[in-house]
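Peer 1: Residue strings, one per chain:
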Amino acid sequence: MSTERSAAAPLVEVRDLVVEYRTRGLHGGRPVRAVAGVTLEIAAGEVYALVGESGSGKTTLARTLLRLVDVTSGDLAFDGREITRISGEELRRLRRRMQVVYQDPAGSLDPRMAVSELVAEPLRTHERLRGPALRSRVLELLTDVGLAQQHLSRRPHELSGGQAQRVAIARALALRPELVVLDEPTSALDVSVQAQILNLLADLRSAHGLTYLLISHDLGVVRHLADRVGVMYLGRLVEESPAEPLFADPGHPYTEALLRSAIGDAGDGGDDRAATPIGDIPSPLDPPSGCRFHPRCWLREQLEHPAVCASDEPNLVPIDRGDARRAACHFADQLHPSSESRRAS
Amino acid sequence: MSTTTDALLTIDDLRVVFGGRHAPRLTALDGVELRLAPGESLGLVGETGCGKTMTGLSVLRLLPPGAKVSTGSIRFEGEDLLRMPERRMRRLRGSRVTMIFQNPASAFNPVFTIGWQIDRVMSQHLDLDRRGRRERLAEVLGEVGLPDVDRIAAAYPHQLSGGMLQRAMIAMALVNRPSLVIADEPTTALDATIAAQILALLRRLQDEHGFGVLFITHNLPAVRQLCDRVAVLYAGRVIETAPTAELFAAAQHPYTRGLLASAPSVASRGSRLAAIEGSVPPDPGAVIGCSFAPRCPLAFDECRRVRPPAVPITPTHESACLLALEPDTARASA
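Chains as they are written, first to last, in my numbering: chain A, 1 to 345; chain B, 1001 to 1334.
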């Protein structure tokens, strides 16, 4: 991958990424393909959301990008530079530029450290700040995330869930990263506190020009925060689209099913069974042939089981319902009319 | 005490406290009032620590160690559950009143098969021989969408997926044909597409069999899909009850309104969410006046002195807010 890039180059590039885990024991070392060939780009300053259910590979993809999990094949680039195989000092420098906020703030903060130490730690290690300079930067960060002097001496168990998540965010921002991976940042919080944190994330993004990779199963959160959305299913990207058109007019039967399952959004939910997927999510150890969604696909059912769904894996290709929209479905063009008629009936 | 004969479940002024002699006293439920008609599904919603799970456990008399009912009554099918001898209570649990838990994997015993565990629940309560129980097991598994009876019955919990286990737990809850099912966050641990299937299943089974449901959740959209009526709990009290559609369209209590407004939606995109500032009081029993007043954008002096009673707004809609009492004069003085 070239090291010279124009200013408009994406901040993150993922090319044909495959990530396999080796299982032990019963499966005799058979590899699980958690990410099975994903290509995507994230522009600087953008909020890109990855959505999907258990086993979709969204978390593995993000962890691979953070270089916490090894790449099996494919390429990763950050700010125009190849990062797939870097190590040592180079990797250490990269890590300062990408940070992560996890779902469970209490679990991601060392219970023995006070808030002041938690926020100071990255500054001490990476920027070698000491004394008054360190103290004033810690205070500045805490103010940024809406905490005050009185919180400095508290330990994680003395904080509410929302306050602890604010501390985790302050830690993530301490080194002025360009990319922040938000892994289910509000899933452990009550809805009124979730709203506070989502507002904060939006403020910080505009104040610091951050790029977010948001991982979430909560479509309300995604719709609120994301500019673009990638929908994953069993290791594959099945749809990618700017956020608004995706929610208004999904381009893949799985996306439509996911939206319909986001209970309550469809009002009284009277007709939601039409697009509800059939049965359970198959194991990533043994993904279905052809299109991975085909055994659960309501559209395939409506089309009376075309053979191609079970035999050929569809590629993620542009679809003709708006710019920059891609979907991996052999019958993406059949989706709209059929869902119209379903809604009318 | 009211003994409305047509109610399935009536909870009056229920107070549950933690601690006492050796630990600081903490109020978990601060005078909960609830009515559930036969066959009705009532959503009990609120955030962490509001007392919704405690309410469900009180009905089954399964409060955790350290918690006890200090006053109040719980009447189920006309009988006072709090005065019932433990032997009778044990017969009631698992037959007339059953429970569906959030995490099916930990609700089943991992070392027994699903079939054995459901059979045991039947044999303790139903007067059926082995063959009769076998038939009932097949029937109930079919109803919850697990038609492959032999395989499911012979499976251990870890051999089933989360969605299948939740179906098996619903089968166990329904096998003795209860009149009340307490469902505590039954879909929270499940993926979205599976959760939608489970809610649709519960709604269908309830239509078919007419049992009452006390649906405990923090998920407002799920309530909208399943429940006829909603009770909103805040700091151990029911602060608003209304038919589901009415609550979503015309909530009166500032807390309910805040809860509805803080959920991200299509309309909220690109704008700020209406977060409720502050947090829940640590001990609701210690609050004089309205427990939401410290966080309420509309609170006035009176709110900090008087505990607002539940006021009817329409015949089916009540709100415990002084603004509901005299909307015009109260707002003028605010």
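Derived by calculation from the structure, the hints in this document are not laboratory data. As the structure is a computational prediction, the values presented were derived from the model and not from experiment. Among the hints, erroneous ones may be present.
[As the list claims (entries may be wrong)] Covered by chain B, per the in silico footprint, the following chain A stretches (three or more residues, Cβ under 8 Å):
| hint | region |
| --- | --- |
| 1 | 186-194 |
| 2 | 197-204 |
| 3 | 211-223 |
| 4 | 256-262 |
[Claimed, not checked] Computed from the model, here is a short list of chain B residues facing chain A with C-beta under 10 Å:
| hint | residue |
| --- | --- |
| 5 | A1067 |
| 6 | M1164 |
| 7 | A1275 |
Glycine included, every Cβ here is placed at the ideal spot set by N, Cα and C.
Peer 1: Next, verify each hint and record whether it holds.
Peer 2: Hint-by-hint comparison with the structure:
{"no.": "1", "hint": "186-194", "verdict": "holds (count 5)"}
{"no.": "2", "hint": "197-204", "verdict": "holds (count 3)"}
{"no.": "3", "hint": "211-223", "verdict": "holds (count 5)"}
{"no.": "4", "hint": "256-262", "verdict": "holds (count 5)"}
{"no.": "5", "hint": "A1067", "verdict": "22 Å, violated"}
{"no.": "6", "hint": "M1164", "verdict": "7 Å, holds"}
{"no.": "7", "hint": "A1275", "verdict": "4 Å, holds"}
When each numbered hint is compared with the structure, a violation occurs for hint 5 only.
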